[in-house]
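Could you slot chain B onto chain A? The hints should help.
2 protein chains.
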Amino acid sequence: MTVSLTTIYSLSFLVMSVAFAAACFLYRWVLRYKVQNREIAEVARLIREGANTFMRREYKILALFAAVVSVLILLLLPSPIWRGEPLTNLSMALAYIAGTALSAIAGKIGVLVANDANARAAEAAKQGIKPAFLIGFRGGAVMGLAVVGFSLAGVAGVLCLVGDATVLLGFSFGASSLALFAKAGGGIFTKTADISADLTGKVELGIPEDDPRNPAVIADNVGDNVGDVAGMGADLFDSNVAAMTSAIVIAQSLSGSLKNIEMVFVYSIIGLLSSIIGIASARINRRGDPTSALNSSTYVTTAVFLALTAAATAVFDGFSWRIWGASATGLVVGVIIGITTDYFTNDSRPIVRRAAHASASGPAFTVLSGVSYGFISALPAMVGIALSALVAYNLCAPMGDGYAIFGIAMSAVGMLSIVGMIISNDAYGPIVDNARGLAEIGGLGEETIQVADSLDSAGNTVKAVTKGFSIGAAGLTVISLLGAFMSEVNTALAAAGKAPISGFDLMDPVVFFGILIGAAIPAVFSAMLILGVDRNAQRMVSEIHRQFDSIPGLREGEPGVKPEYDRCIDIATTGALRELIPAGLVTILATIVVGLVGGASAVGGFLVGNIVSGLLLALFMSNSGGLWDNSKKYIEAGAEGGKGSQAHHAAVIGDTVGDPFKDTAGPSINTQITVVSLVASLLSGLFASFSLFV
Amino acid sequence: MTVSLTTIYSLSFLVMSVAFAAACFLYRWVLRYKVQNREIAEVARLIREGANTFMRREYKILALFAAVVSVLILLLLPSPIWRGEPLTNLSMALAYIAGTALSAIAGKIGVLVANDANARAAEAAKQGIKPAFLIGFRGGAVMGLAVVGFSLAGVAGVLCLVGDATVLLGFSFGASSLALFAKAGGGIFTKTADISADLTGKVELGIPEDDPRNPAVIADNVGDNVGDVAGMGADLFDSNVAAMTSAIVIAQSLSGSLKNIEMVFVYSIIGLLSSIIGIASARINRRGDPTSALNSSTYVTTAVFLALTAAATAVFDGFSWRIWGASATGLVVGVIIGITTDYFTNDSRPIVRRAAHASASGPAFTVLSGVSYGFISALPAMVGIALSALVAYNLCAPMGDGYAIFGIAMSAVGMLSIVGMIISNDAYGPIVDNARGLAEIGGLGEETIQVADSLDSAGNTVKAVTKGFSIGAAGLTVISLLGAFMSEVNTALAAAGKAPISGFDLMDPVVFFGILIGAAIPAVFSAMLILGVDRNAQRMVSEIHRQFDSIPGLREGEPGVKPEYDRCIDIATTGALRELIPAGLVTILATIVVGLVGGASAVGGFLVGNIVSGLLLALFMSNSGGLWDNSKKYIEAGAEGGKGSQAHHAAVIGDTVGDPFKDTAGPSINTQITVVSLVASLLSGLFASFSLFV
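Quick mapping for you: the protein sequence lines, in order, are chains A and B.
Note that numbering that gives the first Met the number 0 has the first sequence beginning at 0, numbered continuously upward.
Note that numbering that gives the first Met the number 0 has the second sequence beginning at 0, numbered continuously upward.
Okay, chain A solo, but in the shape it has when bound (with noise of 0.2 angstroms):
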């Protein structure tokens, strides 16, 4: 059989349909319970408001953000606009354009449904775990599946309307710009209330975690829908989109009989596909085990989509079971990894018990060991995407010149395409953490929270295995993106009447000087992050200081008083957007110094640096975070001394540490590298053409 382009835009359009009618169905479901509750109805207005607040500030800023980009590259890319053709620099524009208000429109959906899905979730769990676990589980399959349609679509949409895949890395960087956005403000925000939340409340005044008089804690329910909900969307938008377009990129540049294009949208589509039947399969089972629900249903979307991507290969002419294999590989690595962390983060296993007893000696040990097993427990991750890569790499390279990297972009999207099911895993994380402290606020009572604290836990257990997930896709697409840098030299190269290059020679002192600043800039970004963080928790612990000393009543927690939440709130997000540009520009400098320093060779090298430290420390903070959080609620329920002992005092000093590390730095490490590899492929007519000293 054989299958058109054309074919396959109206099936990705169709397909993005099928997504939309699925999660409109799935919020309706949600909606369906009512909030009765009128604490946790007012405290979820005050959360909706804020996460509305931080949202339209930050995208606000964006839009002129977006706006200044979007006019030098109406300028400047591909070409001068003086120079090549004002249509294309024209759809590079709009293409970018669009993939901000994709990835923000999407975001902004995940965390209205995450907003409503919590105070229901609260409130189901009244009735037990059953329901309390659907609500969270629908509710962020709402935002899984609206960034899955949208990044096929929009995919498509460009490609369909422009037909140039150089086009489509416009998009692609809309999108990672949003992410950078997102993820790392997100990051600052959400840690920053939490930290706050946490100085003054736990260890100042000794009230509990969401206890209502604490000024900052609507802003740490608002950080855990905008961090975790619309960041971790924005990044896996920003993930999925970079992995297809790099996809394309290469397979537009390579030869031979093969259907490459279209392969990539139909491994998407299947995705997108088995994602949903894997989502509808999401039951808890008997033994009410809200963990085993989750894995299975990834497991079931993983099934699914290699028994369909078999036929699909089966059934079209110019597909490849090559390729197959190769996706495969990369799906594969992806829960092996995923595994791994779980290993190294979940306290029914011996790391996070060892860091908890190492505890006991004070928490300098919590650090230490916290530190080395995160360092650990990088090499598994590195290993699996590094033979993932070789396994592509041997695969896909007797198909032919260039489809070694066709492979291992492949790999990438193998991974990716599930990205549907990780989201809604991923998203069920915050809304049933938040559903905990709405059953709290609202008095729901021990058993209801009990309920809620176990959905709790199973959300920190997945969140592990999505995570790990998330980089090692991340590892791959970033080695394709390096693989679409190369066609992008080559191809500026061959306008400017050079010869192309091959390679980048690790033996080449230019590609070392890249590799070597590359492989810094990863530190510095996350250093920049995380003393955001700190310098703007400084900032909103004098403010509920403030509040403390000057609202009367506030502190005995006198009925009526009420803190002003929304100063709080507003001082995260000020505050986050402050620190996260700096940070942002660094890298984006960076690499342009570096290309106008080395030209072309020299950024080869730095991407290269930049993946490698940036996989390494990327793995290292997650994990460490994890493994600090949850030693932390080993501690607390019961080992080591149990609450109040020193261990558990060395525990909360670990999982403070761990904060940004795990939700801030951490995690924005992928976007980063994303960024700057789309700013090298954007760049490389200019690197290829100029370079002050090569």
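Derived from the structure by calculation, the hints contain no laboratory data.
All values derive from a computational prediction rather than experimental measurement.
Treat the hints with caution; some may be incorrect.
Okay, derived cross-link-like pairs now, DSSO-like style, lysine-lysine, Cα gap no bigger than 30 angstroms in a straight line [unchecked claim]:
1) B:Lys642 x A:Lys201
2) A:Lys642 x B:Lys642
3) B:Lys201 x A:Lys201
Frame of chain A; chain B shown alone:
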């Protein structure tokens, strides 16, 4: 003027003799001071015995290890003995043994002299800062001169006897093996003792740092000697030999009229002479400032070196100004790296103060700010290394094929040429640190302790510069080892009748596979060392508790009651070696596995990944450890509430985290990288002829 290799060898031995004469003179000068205080003499004796115990044990295990490795070399390297020339194998095995032996002897001398010097420096501090400074400095200089003398003589000896640069790799590998034991083993030893002494003494019992009641106190002082003096000496012996070796291996493969090998030796000889002049010039100025005395002698050495090498370039036929430029660049960059390191770790600069200020918000913020600034501090050093590699490349590339890499190697030789001076400054630190402890134990009075304190603090400040220097030098050395690896691979390929490779292409997934795994190894290695310190400290803490519980009157400090110091030394020794060996084996095995899977290309990538992430982590850990240490001292001097404040408590936790960072893992990474690079070069024949998947 022409210079022949025979002249060079003679000159090398002559200059070595001068260095040894100078060392003997300095040692006798130190011994002129008599130790009169009986307490001090007794404790100094205990420290000497403890150090001897550790070194005897260490060298015994090392001898076993070396025996096994030398038999393996005899049988297999450079080619299997049944196929190649048995005489070459024998030479290489002997060279390996010589490498370990010379480094071991230098370490032994250093520890011996440091031991004699610290008691005398304590006594001399009674008479004022000048004599005490000179004893500390000259005691350290003995080690410096011994290390450089041995490395020069060893390299010249091997080359003069065998005439084959490949055999030199065996010598260098011997030096690396010993450095791994001395640096990482010594690092585990010293931090085990330090942390245990602090935890039980300062934290639990509230007794001062060097209180003789504490059973770990002697082990702690021994640790300063074996970790900082012997370990650092072995490390720089290793770097120096590796830099010369890689320059000579590359020089051998070059064609052209330049006197390449001669140049390497002339630069090293001049470096040693300049160090002697610099050492002789060290005097404390009128303001009595030991820091500027140490720094100005470094600058004197640098200036003399640059002048004399310029003269040599002008005088000798075939010497090149381009090479001189490359080497001068390395030296200047080394100084710049040192200065930036100082910026991040000196408590008169803003960074340490900011970290101290963050401590006021609690230990989590101490850790977060230290980690962040540590990350950022890696950037300037990595840019410096990258730029000096690039400059050396651009300077030397016009000289012909392969000269670019030779230029980088000479840049490393330039940086390391003044290593005699660097070691003198570095060994000064632990000597005056111990002197301070002895002054306290001997009850020499507040004024003497203050003198010792100011000497100690200068040691800490200068350490930053020397550490930056040695990491920078190691960075350039391993880049040139990469060049040596490629030379060896091509020799092996030529022997097997295969086509040579011209480089390692980043776009080749096999290379990328190696990079990813190579980058994870320094993280895993560091983690294993840190966890080793942790486990070992737990063993020692329980031993200390046992002694306090079972020796009557010890806790109360009754006169005549002594703890069993040797039990603690025993635990530190056994544990250090037990924890070190798995970490060393993991890195070596990873190299071999990657080579067997992906062949020479994968190993090339592996080395680069290892270098890049190793440099990043080494800089991060050394600098954040240093800044925590100094921010604690800054608070103790009265800032942020001074001793006993919340901030101080937090800063102590930061310092404990930093201890294994800066004294165990961080500085051992250099050695790990060198070991891996040499293993790769030695096994290049295997990797070139066999691989599983490629």
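Against the earlier hints, flag every one the structure doesn't satisfy and list their numbers going up. Checked against the structure, no hint fails, so every one of them is satisfied.
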